[in-house]
Structure formats: C-alpha cells, structure tokens
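Which chain is which? The protein sequence lines are X and P, in order.
Using this note's numbering, the first residue of the first sequence is number 50, and each one after it goes up by one.
Using this note's numbering, the first residue of the second sequence is number -7, and each one after it goes up by one.
Do not rely on the hints blindly, as some may be mistaken.
Label pairs and their computed distance ranges (CB to CB) [to be verified]:
#1 X/H284 to P/M14: 41 to 47 angstroms
#2 P/K272 to X/K52: 51 to 57 angstroms
#3 X/P505 to P/R(-4): 40 to 46 angstroms
Everything labelled a hint here was simulated from the structure, so no lab data went into it.
Even glycine gets a Cβ: it sits at the ideal position worked out from N, Cα and C.
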Amino acid sequence: MFKYLFARNEDIPPGTAAVYFGYSSIIWFIIGTGLGSFNAAKLAFPDFVTGSELFAFGHMRQVHVHAVIFGWISMAFAMAMMYITPALGNTRLWSEKLGVWNCFLWNVGLSLGLTLLWTGMTSGREYSDFPWIIDLYIAAFIALPLAINVWMTILKRRTQGIYTTNWFFGAGVFMVTIVFLVGNTPEWFQLTGLSEAYLTWWFAHNVLGLWITPVAAAIAYYTVPKITGNPLYSHRIGHLHFWSVVVFYSTPAAHHLMSAPLPEWLKSFASVEGVLILVPAIAFVSNLLLTMTGKWHYFVDNLEIKFTITGVLLAIPLNMQGGFQQTRAINWYIHGTGWIVAHAHLALLGFSTFLEAAAVYYGLQTIMRRKLYSLTLGNFHFWLLLIGFATYWISMTIAGLIQGAAKIYEVPYIDTVIAEHPYMIARWVGGTLVFTSNIVWLYNMWMTARAGTEIPAGRLPHELAYER
Amino acid sequence: MAFREYKIGTRLFGVALGGSMMITLYFPTIDMTSVQATEVALRKALSAGRQNGFAYEDPFVTGEGKPVTVVLRKDPVTGEKMEPMEAYVFPPGTPFPSAIRHPRTLGSGVKELSLQQGRIGEADESRGAVFYVDHATYQGEKLAYIVNATAIKGWQPEQVLASVPEEDKKYIGTGKTLFVREQCWWCHTLLPEQTQDWQYFGVPPRLGDFNSEGPTAFGSDRKAPDLLHVASRNSSREWMLMHFFNPRLVQPHSIMPRFDYLWDEVDANGNKIDYAAWRKAYEEYEEGKRIYPPEVPEPHPDSRIRKLVDFILSLK
Ligand code: HEM
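So that you can see chain X by itself, here it is in the shape it has in the complex:
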C-alpha cells in the first residue's frame, strides 16, 4: 500500500483503493466482532477478565460499536463506492490516489480514535462517543475525501443517466458529512441539557438512517441486477425509495427519547414520521424481490445473491420492528431493554452486513479478476453468520421481553438479571459463531487473491463455475 501513496495517479492500477478498502473492512470485521464477543462474555460472566481498567465492560463496549460501524460497515461501503460508482458511470475512479490515501487515513484515524475511546477519552454521548477532535478528523479526512471521489466520478461519468445506486451513494456521502458536522455541535459549541441529549440522538438516528441504511440498499440495487441479469424491476419505485428516505428517514430522531421529557409535539411528530419509514422500506424490498423474478435459482446457486437476498429479506422484520416499536403504544414496553440491542443487530449484523458482505465478495473477485477460492468455505461463512446472528437476535429479543415484563410488574431488578442470564450466554455463543465465520472468510479471500482461478478478460466472476 505504501508504495502507492506516493505513486503518480496514472501508475496506480484501477481498483487498488477498492481492494485495500475491501481487505481492511474484513479485518475490522474480525476485530469488531471479536470485541463484541468479548463484551458478550463479560455480560454473561461478570468475572471474566476482571479488575483491570482497560478490559472493563464500560471501556470496551463502545470500541466494539465503533469498530463495526466505522471499520467494517463504513469501509465496506467505501469499497463498494470505489468500484461500483465508476462501473456504473463506465469510467475510472476520479482519483485512485485519493482513494488510497483515504483508506490509509481512515485506518490510522480509526485506530487512533478507538484507542482514545478505549482508554476512557469519550464525549459521553452515545454513538458520537469519539472526542470532537476525532469527529473533526472523520469529517475532514474520511467522509469528505470519499465524497469528493464519488461526486467527481459521477460528474465525469461516460453514461447519460445516473443509476439508482449512484443517487444513493452521492447523497449518502453528502448526508453523512452534514450529520457529522451538525451532530457534534454540542461538543464544539457547548450546547447543554436537553438540546445536547436530543442532538446526540439526532446524530445517532441519522448516521444510521442517512448513511448505513440507504447505502446498504444502494449496494443491493447494483448486485441483484448485475448478477441475475434482470433489469431493475422499477426505476419509479427506486425514486419513491430515494425521496422517502430523504424526507421520512431524516426526521424521526426524537423517537429514541420517547420516555424523556422532550417537548410533546416533537415526540408525536417523530413517532408519526417513524411509521412512515415503512414507505422506503416497502419500496426497497418489493423492488428487489420483484427484480429476482424468474431467477430465484441464483438464491441457491450463487453466493453473492444468497447474501444479498438474505439481507433484503431481513429488512422486512427490521422495518416492521423499526416502524412500530417507536410508537408510544409499544415503545414504553421495550424501551431500553435487550429488544433494542436485538433490533440494532438485526439492522447492522443482519440486514446491512449481509448486503455489504456480498459487495465485498463480488467486488474483490471482479477487481482482482480471480474466482472465489472456495464455495464450500463461502457457504460455511454464510451459514455460520446466519445461525450466529439468529441466535443473537432471538436470545436478545427474549431477554428484552423479559425485561419489559419485569419493568411493568416492578419485580426487584436483580430477578430480571437472573432471568436474563441464560440468554446472555446464548448471545455470547451466537456472537462467537459470527466471529469465527469471519476468520474463515478472511482466509477464503486471502486464498482467492493467491490461488483463485483467473477470470478471463470480458467475463464476470458469476459466469464462472465454482471449483472447490
């Protein structure tokens, strides 16, 4: 990598940045889920690695969350943007060199930020936990260079129209930059009290709603038509999806604080807008499932479609939960319980991770022009990930319902803790399966780079048969 940092832009082979981003994201995935599994063990067995400041639960938890969100998910997004945006514009990435620098600065900044967070340097605000210096770094050296590269590539495209995926990419990088700059104003300008609490959740909500969800969906808009060969079912529904994300997803931030003393009008407004999130959700799911028409055998035969469609299917329970759990009628029951943790993992480890994994699988094969080393290992990865995730999701949902019931019947809190214990162990087991599956994945991708069959010029990875 270092040799490309100072090379001339023309001398860097196309796709280099995407490959670096791809492998970085897998490594962060392993680190992040390893930390998750460690935290889960601590919640199941509190005296596991005890009495040390650095390995205390409070110090480790956010490191997990930020490693997976900004390491795995966001880097996989960058990887997807670096190869899908030019591919859809029938051109090259605007600046490969900027991409390589972007990847380098991203890894450096993230490692630094996580180390600070780990030692206890935090802003104390959930999801925007990074000290503001790191937030500034993220906006200036991570989000902005990525945005410039994506926009310039779109502007320099050699096609006439802009495909759905690229609308989402272009808007997503813009919105995430704005969210970072606005969401951290409490730290920059010392906003306090309820405004601080509200802006914390404004940031958290929008980083998920205007970055992770739309960009993950954008990836599916590319992979499904590309691999199955079917055109997108409806461009119009794509429009509906895009515009309803911008309008409905950007507004319900206050639904995270339904039981806090925020102004009532704000909570009611957020709750109604929150239900409207079902509009983009249904548009997205139906559009992609209808695109599969006549090609459902790919769901079984082809690994990338298997991942993508699983992710799309997981978006159904995700959005059903998301749309309704924030209404007053339901929120009071499940707020602040394990249900929400289960929901968060359904969104990030279920829906979004499966879509990104497909993009990383497909992108790395396409750019390196090598067929996947082993389908068996790929399938193993898929099933371990799915079973691990399902174990996690089900056990935490049950734990959440127990907590909810305990909340109403006002049992002594310790009885809730005792009742949750088995599910904490199940969650740890499930998470550990996910972690293990990722190591298998890294091995498989590593071997693909070294020993995968070469893809002949003019062919695409999914057109070749799997060999192992």
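Dock chain P with the ligand against chain X, hints included.
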C-alpha cells in the same frame, strides 16, 4: 449533469433536507433552550462544572477542573454558626458551567433573578467564585436562582475550602466525570421513564431539569437499576463501597463489573493495596475455605472511588 431533471433533483434534495433540518433541529432547539431551569438543574449545573466528557480542561476525562460541593455549617468569613447549606466552590481557573457563562440558557425569570439579585455576571473564572442557590419571587412565581456569594458576601474560594472539614467536601463534578468515563451508563440509566418507573425508580425528571448539563448521559440500554434517585433508596456509603469493590459481596447474582481499580494505589492509611492477595482470599471464600470474605479497604480521600461515591450519593 446533462439532464434538466438532475438540476431540479439536486434543488429538491436541498429543499427536502433543509426542511427536515428546520423541523428537527431549529424548532426543537429554540423550544428547548428557552425552558425555565428548575432548582434541580441549577444544583446539577453548579456541582458538575462545565463539561463532564472530553473537554479542553480535562482531555483525559479524569475530572480535572471541576468545582467542589461543600456543606457549610458556619459562615466562612465570620465563623458564625448557621443553618447547614450547600455551596459550590470554583477555585481560580475552574471553568464555569454554561448556566453562568450563558445565563440565557436559564430561561426567563431565573435568568433575570440570577443576574440582578444573584449578580452572577460579575463572577470571574480566573479569580474563582463561590455560588449557592436561593429562592425569590419573580412576577408572582417562586423560582430558584443562582447567587454569586463571592460578589455578595465576599466569600473567596480558598477561604471557603479551608473552613470546611474534609467530610463536608463532595467531589460531585469529578464523580460525574468518572461516571461518564467508566461508562456506567451502558448498564444504568439516569432517566426514570415517564410511563412505568414511578414506584420503583422514582419520579421521572422534568423538562427544566437539565439546563446546562453536558453530557446528560441518560443511557439507552438498561441492564441495571435506574440511578437518578438511587441515594433515596440506599444511602449507605459502606454498602456502596463493598458493592463497587466487588458487587458479588453484597449481591451474588449481580453482573456489575468490579470497580476495585478505582481505589488506586493506597488506602486511607497510606498502605499499598494488595489486590492480588485480596483476590486470592476472595477465591478461597468462594470455594468455602474461608467463612468471611476479605475486608474491603477504606479508600483514600484522593482516590477516584471516593469521588464517584460522592456523586452517586448525591443522586437523591
Ligand atoms: C457487524 C456486526 C455487528 C455490528 C454492526 C454490531 C453493532 C452493534 C451496535 C450498534 C451496538 C449498540 C446497540 C445498542 O446500543 O442498542 C452493539 C452492541 C453490542 N454488540 Fe454488536 N454488532 C455486531 C456484531 C456483534 C457480535 C458478533 C457480537 C458478539 C456477541 C456483538 C456483541 C455486542 C454486545 C455484547 C453489545 C453490547 C450490548 C449491550 O450493551 O447491551 N456484536 N453492537
């Protein structure tokens, strides 16, 4: 941008996102910053200090540059006995909370009283100040407001600190910072819910209870009791110390981590704390080889745990 549609599209995008930010950022913040601060908010602001997360005066989030809360039993200048009252001492150089820096955030009435009767505008960070909370009527409404005792009574920070015995000093601001740093809020909330927490965790906070607080650290994943009123349920310092050193000493089923490392190096008598020996003795107790668990060391007054417990016991 070959198509006219894209020009229209980008503009519409700007309108949509701008409109959304208008409704979800501008209106709510205008609404929330004009809320009138309650007495709870004033006391929190004065005891916590400017910022309890990452801040330039405290980059390592260890609780530097925070005020000291004291219980005054006699007048620090004249030495006369008086009704016990709480005062908030900001030694020279300690940054003031936004309640003092930006009195606008106190809301109408509280702002006027604090500026006119309390003279908080005269407080100077570089010379330090002492504040307390008083009550007065403003346009027929009884309100709490902040008094700058340095301007009105001539109390100097050093003088006040020197006149108060150690047990009447509470490091609530540093304690709150440690609460943020050790991230107790991943398990505990500081927000009884408005719907069903009344009986067990106490009254939910009100709209004006937060002015000037930052971070609010509400917590969102509750895996443990809400702490906003914990000291009303249990105010035993001894229980708290045992529980923090090893929660399993008092609650065998607890999943709370041990916070023994907050005792730091030495105990109250200046002896080095031998953690390894303590753990070994505790293991023997668990295995049934000892009848009693080992004693929890009495913390040193400068240790972090003392400050954290000061904060927890202030949560009434
Ligand atoms: C890509 C994969 C993953 C992503 C994106 C992810 C994301 C997250 C997020 C966003 C949270 C915060 C949840 C909330 O505040 O409600 C969280 C918490 C957590 N995650 Fe993950 N996670 C992933 C995988 C895992 C795995 C494999 C484990 C292993 C068991 C795990 C264990 C945990 C634990 C223990 C917590 C703390 C929950 C709590 O405080 O109650 N995560 N994760």
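Self-check item: Violated hints - listed by number, lowest first
Solution: 1
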